[in-house]
Amino acid sequence: MRNPLPFLIVLLVEHSIHRVVSLCALYYPQFDASIQNRTSINKSDFHDANVLTVNLSYNLISNLSSDTFSSVMFVKSLDLSHNWITELSGNLLSSFTRLECLQISNNRLNQLPESFLENQVFLKQLDLSHNNLVSIPDNFFNGNLYLLRVVDLSFNNLVTYQRWPLLLWNSVDFDLSYNKISTTASYLGKRIFTNPYGSEITVNLQFNNFSQWDDSFYEDLFGEDEIIADKHISLTPDLRNNNWTCDCNFYNIASVLHNSFYQSPKADTLKAKCYNPPHLRDKRVLYDVALNEFVCNLTSDQNCLIQDNPYMNLVYVDCRSRGLTTMPRSLPLPNGRKLSLNFYGNSIRSLDNVEYADKIDSLNLSNNALQYIDGNALRRMNNVIKELDLRKNSLKYLPKEINVLPFEKTHVEDNPLSCDCNMTWMADWVNLALGYRDKSVQCTEVNGDRHLIKELTERLLNCTNDILIAVSVSLGVLLVIIIIVVITAKRCPYETKVILFKIFRIHPRDKYVVDSNDHDMDNDAYISYDINDIHVQQWTKEVLVRKLEGNKPSFKLFVPERNLGSGSEADLRAEAMEKSKRIIIILSAHYSKNQWCQFECNVAESMSENQGRVLYILYDNMSVKLSKKEPWQSRMNDRRILSPDERLFWSKLRYELPLKSK
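Letter by letter, the sequence shown follows residues -22 to -1, 1 to 640 in mature numbering (1 follows the signal peptide of the UniProt record, and there is no 0).
For the record, the hints were derived by calculation from the structure and aren't laboratory data.
Yeah, the Cβ is synthetic: ideal placement off N, Cα and C, and Gly gets one too.
Check each hint, because a few of them may be wrong.
What the hints assert, rightly or not - Computed beta-carbon distance windows for the label pairs:
1. Y289 to L4: 55 to 65 Å
2. N529 to S570: 51 to 61 Å
3. N529 to R428: 49 to 59 Å
4. M600 to S629: 38 to 48 Å
5. S570 to I461: 44 to 54 Å
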């Protein structure tokens, strides 16, 4: 999904929340029974069936029966505000055919029937403010509300916002201020209706309980941006006057807005202010807060200070003087971030190959008890690390892998480094740092003599004997390896050939006859398998064919279900097999029951020059059992038989296929 932030910010700037203008009008004739201390109203109270306005506000009505308004069909404006109504019937409005304005504010409603607004196609304004509503039914705002322009749900107890405005056909002002909304929900799905000429939707979410920003808020609040763009909806949420926490979660939206022309208009809707952390309180989130101030404090088992800073694309880990004896095995790491680690002043004994080694931007292990460094960890750090501080530790030796890091980025001073023949490589490492002035790192011999590492040589340390010993040992090891290889070749000659072919591309066998006369061959291999077995079919297409055609060297395969042309199917299959250098038969439990499999197997056996041409793959345990029974036992005699579960299966299969250059 494309990033919705830039698109939505443009919309935020282009439109601002405006005061809702009432669309309710006074129509005559009217029925006015307001401010009469009524406790009930019945259909018999209406004497004029043509009444257009019904005003029952400021009474003591607590209940309305489903047929209360059954005698007045043409009402355009109904005012039930300022009563004691606790419950509404789903059929209360069913008799109305022209209702435009409905006011039920300042009552005691705590729930709404899902079908309450069904068929109210002319409704323009709905006021349900100042009630006790905690939720809205999923289908309350149905697809028939073509003209609805104003919805007031302010001053309720709603806790979750859904995509209600997107379910409407028209431009709409949606007031959800003064609720308890803290989260969004998207389970209304993608049932979004808009008119073809574009809609402007304003949503007032001021004075709610929002505190933590999440980029998925856009998707939950407004739907996917592709849908928004395609339907030409303009969305304007007003998120001011909420207790926002200005942390790393705000970074993405803020980074799009900062230093761009979007910021110039400074629309009111963009002036939401921070509440937390305290030092940012009352600062405007998208104007007054610098990008590097959007940080999150993370937690760890080591009681370290861990801070996520998306602006620097770093997670800072401060574990100074925490009494650690090992590096943490894992650390919280958001996607794409690198780590800046400070383990100064602990008792860590080894630099281990931890899971986050390839994410380390800088690492301070000075003033510890380091005695060992894992060379694999250094290899993984190579492409990302900018500084490695190992000063004031107990290191006597450094692994040679450390030379993948520039000396000028690596601080190893104040360690009891030993002047050893295995350390002479360090001289080149130090001397290659041409622009680095301080090359005073020293080491100490057993007799106490000290030398600058940049001056170490084998002659200085009398390493000649060590070299002879090393050469002798190396030759001895090589001889042992040769002996092992010879013994293995004698005991497992076929596997040895396969390994030689895999590593060195040496094919120590005579060419099959069919490969000597391959100028008329169109295909490297013909695949015969039971298409009715869904498991075999999937393995053949998704594994076998992909590996042989997709990896180098690539083979040209004939798969009947894919490559068969028009004409006599039997002739086409036989011709394709004749023009294939290999026939691969994938034997499975029901292979013999497939008539085309039987046909292909018979054709393969009848071919001339078929030595080495027909290969069998035993797909499962059932096919292994079949291979030991007739007629398969005779058919497979002197044939190469492979199984996907055996060692070197793919190498063996490629070994048996026609020899190709990479």
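Hints, one by one, checked against the model:
For Y289 paired with L4, a C-beta distance near 57 Å keeps the hint of 55 to 65 Å intact. Range check, N529 to S570: Cβ separation about 32 Å, and the 51 to 61 Å hint is violated. Under the hint 49 to 59 Å, the C-beta atoms of N529 and R428, about 56 Å apart, fit the expected range. Distance hint check for M600 and S629: the Cβ-Cβ separation is about 25 Å, which falls outside the suggested range of 38 to 48 Å.
The given range of 44 to 54 Å is respected by S570 and I461, whose C-beta atoms sit roughly 48 Å from each other.
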